[in-house]
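Q: Listed below are the residues making up each chain.
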Amino acid sequence: MLKNYFKIAIAVLQRRKFFTFISLFGISFTLTIIILVSAFISHVLSAGYPDVNRDRELYVSKMHIINKKNRSAYNGGPSFYFISHYVSALKTQEKLAMFSNNSSTNSYASTKKLVINLQYTNDVFWDVLQFNFIEGKPYNKQQLDNGEKVAVISEDTRTNYFGEDVQAVGKYIETDNVQYRVIGVVKSVPFTSNVYADMYAPYTVSKEDFHNTGLMGGYTGILLLRSSGDFDKMRLEFNEMVDKINTTAQNNDQVYTFANTFLESFTRSLPFGEETDSGMTIFLLIVTVIFLLFLLLPTLNLVNINISRIMERSSEIAVRKAFGASSQTLVYQFIVENLILTCIGGIIGVVLSYIILAITNSSNIIPNLALTINFKVLFTSLLACIVFGLLSGVYPAWRMSRMQVTTALKA
Amino acid sequence: MIRLEKIEKVYRTSTVETLALSSISLNIVKGEFLSIMGPSGCGKSTLLNIMGLLDAPTKGEIKIDEQTTGNLNDRQLANFRNKKLGFIFQSYHLINDLKVLDNVELPLLYRSASAGERKKLASEALEKVGLSNRVKHFPTQLSGGQKQRVAIARAIVGQPEIILADEPTGNLDSAMGNEIMDILLHLNKTDGATIVMVTHDENMARRTHRLVRLFDGSQVQ
Chain D
1 MLKNYFKIAI AVLQRRKFFT FISLFGISFT LTIIILVSAF ISHVLSAGYP
51 DVNRDRELYV SKMHIINKKN RSAYNGGPSF YFISHYVSAL KTQEKLAMFS
101 NNSSTNSYAS TKKLVINLQY TNDVFWDVLQ FNFIEGKPYN KQQLDNGEKV
151 AVISEDTRTN YFGEDVQAVG KYIETDNVQY RVIGVVKSVP FTSNVYADMY
201 APYTVSKEDF HNTGLMGGYT GILLLRSSGD FDKMRLEFNE MVDKINTTAQ
251 NNDQVYTFAN TFLESFTRSL PFGEETDSGM TIFLLIVTVI FLLFLLLPTL
301 NLVNINISRI MERSSEIAVR KAFGASSQTL VYQFIVENLI LTCIGGIIGV
351 VLSYIILAIT NSSNIIPNLA LTINFKVLFT SLLACIVFGL LSGVYPAWRM
401 SRMQVTTALK A
Chain H
1001 MIRLEKIEKV YRTSTVETLA LSSISLNIVK GEFLSIMGPS GCGKSTLLNI
1051 MGLLDAPTKG EIKIDEQTTG NLNDRQLANF RNKKLGFIFQ SYHLINDLKV
1101 LDNVELPLLY RSASAGERKK LASEALEKVG LSNRVKHFPT QLSGGQKQRV
1151 AIARAIVGQP EIILADEPTG NLDSAMGNEI MDILLHLNKT DGATIVMVTH
1201 DENMARRTHR LVRLFDGSQV Q
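Protein chains in written order, with the working numbering: chain D, 1 to 411; chain H, 1001 to 1221.
So here's chain D without its partners, still in its complex pose (with noise of 0.2 angstroms):
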């Protein structure tokens, strides 16, 4: 039987090939931008180059002071010396990287003016984020203690500043009238990644003054820990220091700031963050209430296309009932060949979206983005496929199986 639906379903949609391309063009293109969305939010969210640990990480990256009296508020980042004095005190996590938010500064490569970023680490985040190393070898803490104006810098750093293909080890890079010396070269770092920097150096060469004893700054830390089973016992540990600051301050300020996981900071630095809530809630909300919106468009579209296709159909539904066909059986079989619509349709989505991904990844619109569909991505869109074809079909084979036989059989 599914043979002859299957045979039906072709053969109706050869018949009115505008409207099957309608219907086609509806359903693929909305798979396709949920394939291409969920794959840039599945990159930009999940654990990739460098940051693999993701799973067994918190981001201390927000603060929000307010102060008691006047009620002013202040957002930002921790700063240097809230991580190193503070989060580094504390026992549960196993290692903790410290970064420096990205400074643009100017550099000159013959005649050609560059703007590198420039990112200040600790030694330790080089163990926390697995770089791939193509030339030398990160800073340690000696050279950090050192003070040593030494750099990593990228691949792509390398060739725009160096040129192509040549050995950037030993050599030196100058940017923002500072001359440091190469000893390693990395991987470039997706533009989309919270660690994205073209140059990285020991943060004891910044111009930072270390004195300054301010809890909010431009730094960020990744408390790497054993396993995530350790993320309850951190964070308490983490709010309990929270907790004393407040208690212990003398000015009037209350300070918010957590350990979150990765998903949570991100959410946290959206508008619907608040002091206590990360927003995370509003946030998955948000995103699933903007998937059914995108969902149902195309759908209530494609309904409308069946109910007329349907109304087309009406002689073959009459003669089905009368030769033994029963409602539950006709609404099953339109059900199926608009499935194996949505199917045909979906499947044109994925592979659009491969090429266009592929176009996406090559023409380096977004420097080194390498987007993907995978498993998770590609399973949701098949799924939103099928959830597709039922809501699109469920409607007019309900109202096709309600046809009286007598009244198709004279249309």
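Don't read these hints as lab results, they were simulated from the structure.
Careful: at least some of the hints might be erroneous.
The calculated lysine to any residue pairs, modelled on SDA-like cross-linking and capped at a C-alpha distance of 25 angstroms, are [what the hints assert, rightly or not]:
(1) K7/D to H1137/H
(2) K1119/H to Y5/D
(3) K1099/H to F19/D
(4) K3/D to G1116/H
(5) K1099/H to I344/D
(6) K3/D to E1124/H
(7) K3/D to K1099/H
Note that the structure is a prediction, hence the values are computed from the model and not measured.
Guided by the hints, dock chain H onto chain D, whose structure is given.
A: Relative to chain D, chain H alone:
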């Protein structure tokens, strides 16, 4: 075989009530070939549809093979039609997207028959109507007479006991109409099929066992 008792059919809209059939009682025995005649709008097709369980009467009872059909649900009715009834329509109502063989197999899709079995039975039905050489054609490639023969094959493929034909020769010329009538008579004589045929053609009606005339929804003969 078919017993109709005081069948009444009223069509109601928001403004008008139309009495299509008025207290029709009819008894059709097994193996009978019955014609129903009457002017346009007298209720012939309505009566046939009610016999075929495609429409429900407003009043009255239908019994087919001693089975009362009034209390059957949608699924049971569909099953009953599949097993006991075969239909032939004036406009053939073949599915143009399916080949001849697939059209004839249609009733068997709603039984638990394997693909091989369906193909065998459909081929045998087509042989009976003399169309074995057209199995891979589409309905649009056939003449009117050939289409009606495919429709007959479809009606008999499941070996139903009752065949209901609504003006089977209405869209055909006299030569083709006679051919179709010969096939129906043959089915009635050799296979013992009970046939109820609605027709406008007196000549065709005379070739059947019995004639029932309707006028304005009532039986007059």
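Q: Against each hint, give a clear statement of whether it holds in the structure.
A: Hint-by-hint comparison with the structure:
Between the alpha carbons of K7/D and H1137/H the distance comes to roughly 15 angstroms, so the proposed pair stays at or under 25 angstroms and holds. For the proposed pair K1119/H and Y5/D, the alpha carbon gap of about 16 angstroms is at most 25 angstroms, so the pair holds. Between K1099/H and F19/D the CA atoms are separated by roughly 23 angstroms; this keeps the pair inside 25 angstroms, and the hint holds. Using a Cα cut-off of 25 angstroms, the hinted pair K3/D and G1116/H holds, with the two alpha carbons roughly 13 angstroms apart.
Between K1099/H and I344/D the CA atoms are separated by roughly 23 angstroms; this keeps the pair inside 25 angstroms, and the hint holds. Simply put, K3/D and E1124/H have alpha-carbon atoms about 21 angstroms apart, close enough for the 25 angstroms limit, and the pair holds. Using a Cα cut-off of 25 angstroms, the hinted pair K3/D and K1099/H holds, with the two alpha carbons roughly 13 angstroms apart.
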